[in-house]
Structures are given as C-alpha cells and as structure tokens.
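All chains, full assembly: derive it from the sequences and hints.
Residue numbers (the numbering used here), protein chains in the order written: chain A, 961 to 1264; chain B, 21 to 131.
Treat the hints with care, since some could be wrong.
Claimed, not checked - Computed beta-carbon distance windows for the label pairs:
1) A:ALA970 / B:TRP123: 50 to 58 Å
2) A:ASP1049 / B:ILE26: 55 to 63 Å
3) A:MET1103 / B:GLU84: 48 to 56 Å
4) A:ARG1194 / B:GLY126: 23 to 31 Å
5) A:ASP1018 / B:GLY62: 19 to 27 Å
6) A:THR1046 / B:PRO73: 44 to 52 Å
7) B:ARG129 / A:THR1041: 53 to 61 Å
The hints are simulated quantities; they were obtained by calculation from the structure and are not laboratory data.
We treat Cβ as the ideally placed atom computed from N, Cα and C, and that holds for glycine.
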Amino acid sequence: MAVSLLSCLASRAPAPVFAAIGPGWQAAVERLLARTGLRGALTPRDAGILLVAGEMPDNTAEALNRVHDQLPRPRAILRWTRSHETVDDIAARIGASWRNLGAIDEQDLLPDQPPNEWKCVGPHGQGGKGMMGGTPYGRPMAMTGEDIRDGLQLDRYTARIGPFAPMLPPGLVLEVTLQGDVIVAATVQHQPFAQPADVDAPELCAARMLRLLGLGGPARRAVRGGRPGGLWVRGAVPRGLGMIEGAGDARDRLAAFLRGDSPVVAAFDLPGLLPGLEWSEAMLVLASVPPSAVLRAASLPEDA
Amino acid sequence: MQTLIILLGWTVLAWLVVRASQPPADATAPQSAPFLGGGTAGTHAWQRYHFRPYTMTLLFIAFEMEMMFMYPWAVVFVSEGIVALAEMGMFLAILSVGILYGWREGVFRWQ
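Right, here's the structure in full:
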C-alpha cells in the first residue's frame, strides 16, 4: 500500500520525455513538449519515456538503438507516426505510460559489450604510441594538435554528435573536433531531416534559443504564443556572434524572432562558421538560424 | 564528544557524496557510453584543455592573501602604531609585484 501511494505521488511529476524527432515532425514535437504535465529531457538518462516521432530512415536505426539503450529502466517507448493523432492524444498516451511505467519491460537493443575490445600493440594489450600507450577499448587517446586561438598545443577530441542531439536540428550528424570546448573543425556527415515550413515559425525559433540560454519557462511561454517575459533576454546572447552577411548576428536574429519576423538567411558556410567558437556559442548560432536555412547550408557541400 | 559527532557526520556525508557520484552498478555498456545524440566518439574524452580562469585566479589569490593577512593586522593596528603600518606597507609592496606582473601581461584587458 505504501508503494502504491508513493507511485501515486511520483506519477504526478511531469513526465520526462526524450524526443527522437524524425522527418516532418519537429514542429509538432516542439509544441507537444511545451505542454504542462510533461517536460522535454535533455539527455536520455534524465528521461523515462522515449518518444519516436515519425518514420526514421534506416541509416539512423543504430543511433536510435543507442539512444534507446541509454534510457535507464524502467522505460517506455512511444511511437507517434500517424498524423491524425493529435497533440492531445499523444499527451494523454504519454501520461498513461508514465503512470504505468514498469509494466512492460523494455529490453536492450544493443549487446552489453563495449563497442571495441581493448586493443594495443602487444599480445597482452600493452604498448602503443606516445606517453599514453595503446588504444583502450578500440578508441585512441586524444592526441595534441595546434590550438587555433593562440598557437599552443592541446589535445583534440573527435566525436560524431548524432542525429538525435536535442541542441542540434534533428537528423544533423556533425563530426566535430574539440579542444576543450572550442570547436576546431566541423563537418556535416548527415544532413538534417527535411521539415515542413511551419518549423521556421518565429516563436519556435525563439523558443529554441531561449532553451539553450537556460530560460525554459520563457521558452514554453513563447511556444504557446505569449510573450516570453524575462528581463532583456536578448542581452543573454553575446553581440557579434554568428555574423552572417545579410542576416546580422545572433542577437539581431533573436530580436527578430521575438518581434514575430522570420529573417531570411541566405546561404552560408556551415562548416566555416563553427570553428573557433565555444560549444555553447556554436549551439546558439545554429539555433539562431531558421532550420530551413540550416538544411540548405548543410546540403551545399554535396552539390559542390 | 561534540567533535566526534561532527567528524562522524562529515564522514557519512562524504561517503554519501562518493556513492552518489558513482555510476549505477547495473549500468550496461551502452549506458556507460557518453551521450552524443546517438553518435559515436572518435577518441577518449580524457584530454588536456586550457585553464581559462587563470587570470582571474591570479588576481583572486593576490587579493585574497592580502585580505586574509589584513584581518588580524587590522585588529592590532591601532595599538601597534606606525611600525605596523610600515610592515603592512612592505607586505603590500610584495603583493603588488604580482599584480604588476599580471597588469603587464594584460590580465586587465577585456577580451
């Protein structure tokens, strides 16, 4: 009886949902996550429910499995693929599965093994290049390279930030090389998913930037169509960040979104804009550009 | 007795903090991997990086040590008289060498 009282109280908390957004579903999912009763989790470890919206292309299946396995148990998967199911219906489904979490045991989709075994030069796993010998678990240690800001030598970390990262446009796979948190190289490995035009709505774009600035409450109010509130939110964006010809900097674009305008952003060089920026600045710059412009910029190298 | 309670309390608190900061024992291999939105890492994340607060730390330590020694000095200053003033002046001159070094290196330049 005490357990059911506890679960009763726990189920009143907002349901933490990690949304894996597929082609065509970004606007709907962002409006869903602004509702009361559920909150968008920033990482799968913070979430109890994985919402898979839309039909995912096959080449993202493994990435989706990785995200699924990172949710701690008990967890639930919900698929939102039929467009006639409204936002209210899916919110009700999320609430129901949050209250009954643990009823279905979701098994892991990937084997419980590290991606590569420990692999070095010698027969017993020893040896290797430099002061950090070997390649533990198949991945090398980060080796030094020149820092682009001041010419020192610092370690470079390379990773592919995948299709379901909440701070990137859904579907965008960016292979970044970082020194600390400064991006020194970025290449697009998979374009963002195609989305309909309603994803460029100024309130959604403003909400994306406000969420990155840590202003979750103003972001929700913006998505619902009201004023975000808060004291001079434009001041939270540094001046001169993400300058694009014809479209100003990130602060100008946020001001335009908050006014209700959709600035027209011409083609820009996405892999050229990011190096030299810190990670938080780079994410702000990506969020300040309407998603259709990011899609166009990310497809350009393939046409060239 | 009071000391013992306080010591035990801090020990328990430290133990709880260590336990809370460890990954859960039943974490599977995919759960131990970093979250990259479904992507994979190319290198390990154990890397050297810039210590960005260096300039602030330099200034902070200089002024903090100065403040720390001025607290007890201020208590006895009036009774000790001009000698105490001269000694504190010498101490501040030594500290100001550090501030001057920072100034010449550009720590006060806003970037």
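Evaluation of the provided hints:
1. A:ALA970 / B:TRP123: 50 to 58 Å: holds (57 Å)
2. A:ASP1049 / B:ILE26: 55 to 63 Å: Given range 55 to 63 Å: holds, Cβ gap about 57 Å.
3. A:MET1103 / B:GLU84: 48 to 56 Å: violated (37 Å)
4. A:ARG1194 / B:GLY126: 23 to 31 Å: holds (30 Å)
5. A:ASP1018 / B:GLY62: 19 to 27 Å: holds (23 Å)
6. A:THR1046 / B:PRO73: 44 to 52 Å: holds (50 Å)
7. B:ARG129 / A:THR1041: 53 to 61 Å: holds (56 Å)
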